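Going line by line, the protein sequences match chains A and B.
The first sequence begins at 1 in my numbering and counts up by one.
The second sequence begins at 1 in my numbering and counts up by one.
Some clues are possibly wrong.
[What the hints assert, rightly or not] In silico DSS-like cross-links for lysine-lysine, where the CA-CA straight-line distance does not exceed 27 Å:
hint, chain 1, residue 1, chain 2, residue 2
1, A, 80, B, 161
2, A, 163, B, 169
3, B, 169, A, 164
4, A, 33, B, 161
5, A, 33, B, 169
6, A, 163, B, 170
7, A, 33, B, 134
8, A, 164, B, 170
9, A, 80, B, 134
Source of the hints: derived by calculation from the structure; they are not laboratory data.
Bear in mind that the values here come from a model prediction, so they are computed numbers and not experimental data.
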Amino acid sequence: MRESGRDKLEDRFNSIMGEYGPALSRLAWGYEKVTNVREELAQDIALAIWQALPHFRGECSERTFIYRIAHNRALTHICKRQPHHQPLDELAQPLEPIDPRPHPDEQVEATYRRDRLRSAIQGLPVAYRQVVMLTLEELSHAEIAEVLGITESNVAVRMNRAKKALKEAMEERL
Amino acid sequence: MTDLELENWRREWRVKTEPVPDLKRKIHRQNLRMAAAVLTISLCLTLSTVAAVRRHSSFMGGMAVGIGVTSLLVGGYAWWVRRGAWKPTAQTTLAYAELSYKRAIARVRTLRFAFYFLLTATVLFTGYVAWNWKHFEGRSGAIVTFMVIELFVFRYLGRRKKQEIEEMKKLIEEVRE
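From just these sequences and the hints, can you work out the full model?
This is the structure in structure tokens:
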């Protein structure tokens, strides 16, 4: 039996979510601190990808396409979010279940370092935050430029400033 | 600062990720909301029209016309103010931010239009009810109450949207930096 267009689309979507799901989840972390709202944002991003997928004509790579949609959806989320949802001095989220590792102290330390990094990224201005998150997801400068619609030299400049800002933010959180 | 530092951040960033929540839940909820809205308007319109025809009731006829005209006017206005805000001018963060800004402004305008339209309707209907106070019925009072509550809801939504516009402005400035 011939596979219908919808089935193909679903297969493609599922494979995208399999490949990029963790990255999209991390991206949601960069834009939203509150767990429930973050889950909602991750769903919104997935939904936006699902809706945009039929219109993807291969003008850019699939990776660029996915990140572009995700970041633009997250951007809309920041504007819609009510200020009381995410005070900057909000207490850190409770520790998540910890993976099995040799020593509990190391686990706590690793979780602390990760939360500190996430919190520092969340505090960066959006323009820097996007460049940092995409760099941490191992996108090249050319890909980041394509995702954000800016020049490669602009990416480099933003990344330099973002690194400094992130380093300072990390030190403040020590 | 070294690339080693970046590598460490990368490792910390990528370690342990929450799974993406089930999308079907979201689609289901979104579809339900949309269906509920369309169903409510259609049901009100159909019931009031049928009641008006069967009972030759001018009250129900008026209500059917009111709902129909309101839906058309507010819907038409919403569509009109959203012109130029259907899609981004480019595939860039700035273009999307600007698109969201335009849409937020369109929503504020629509809400303002709906508010004043409803305010006028409320004043006129209240005047009509007061004029015919001898034939006052409970349902007229219920309709006036409902209209007043709706006015407050529109006001509240309008304020929230204005906050959204302020956030948008800040964001656009940040992205333009």
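Going down the list of hints, with the structure as the test:
1. Using a Cα cut-off of 27 Å, the hinted pair residue 80/A and residue 161/B holds, with the two alpha carbons roughly 8 Å apart.
2. A hinted pair counts as satisfied when its Cα atoms are at most 27 Å apart, and residue 163/A with residue 169/B qualifies at roughly 25 Å.
3. In summary, the hint linking residue 169/B to residue 164/A is supported, as the alpha carbons are separated by about 25 Å, within the 27 Å threshold.
4. Distance check on the hinted pair: residue 33/A and residue 161/B sit about 22 Å apart at the alpha-carbon level, within 27 Å; holds.
5. Of the pairs offered as hints, the one joining residue 33/A and residue 169/B holds, with about 22 Å between alpha carbons and a cut-off of 27 Å not exceeded.
6. For the proposed pair residue 163/A and residue 170/B, the alpha carbon gap of about 22 Å is at most 27 Å, so the pair holds.
7. Pair hint residue 33/A plus residue 134/B does not hold up; C-alpha atoms about 59 Å apart against a cutoff of 27 Å.
8. Proposed proximity of residue 164/A and residue 170/B is supported: the alpha carbons are some 22 Å apart, at most 27 Å.
9. With a C-alpha separation of about 48 Å, the suggested pairing of residue 80/A with residue 134/B is violated against the 27 Å cut-off.
In summary, the numbered hints that this structure violates are 7, 9.
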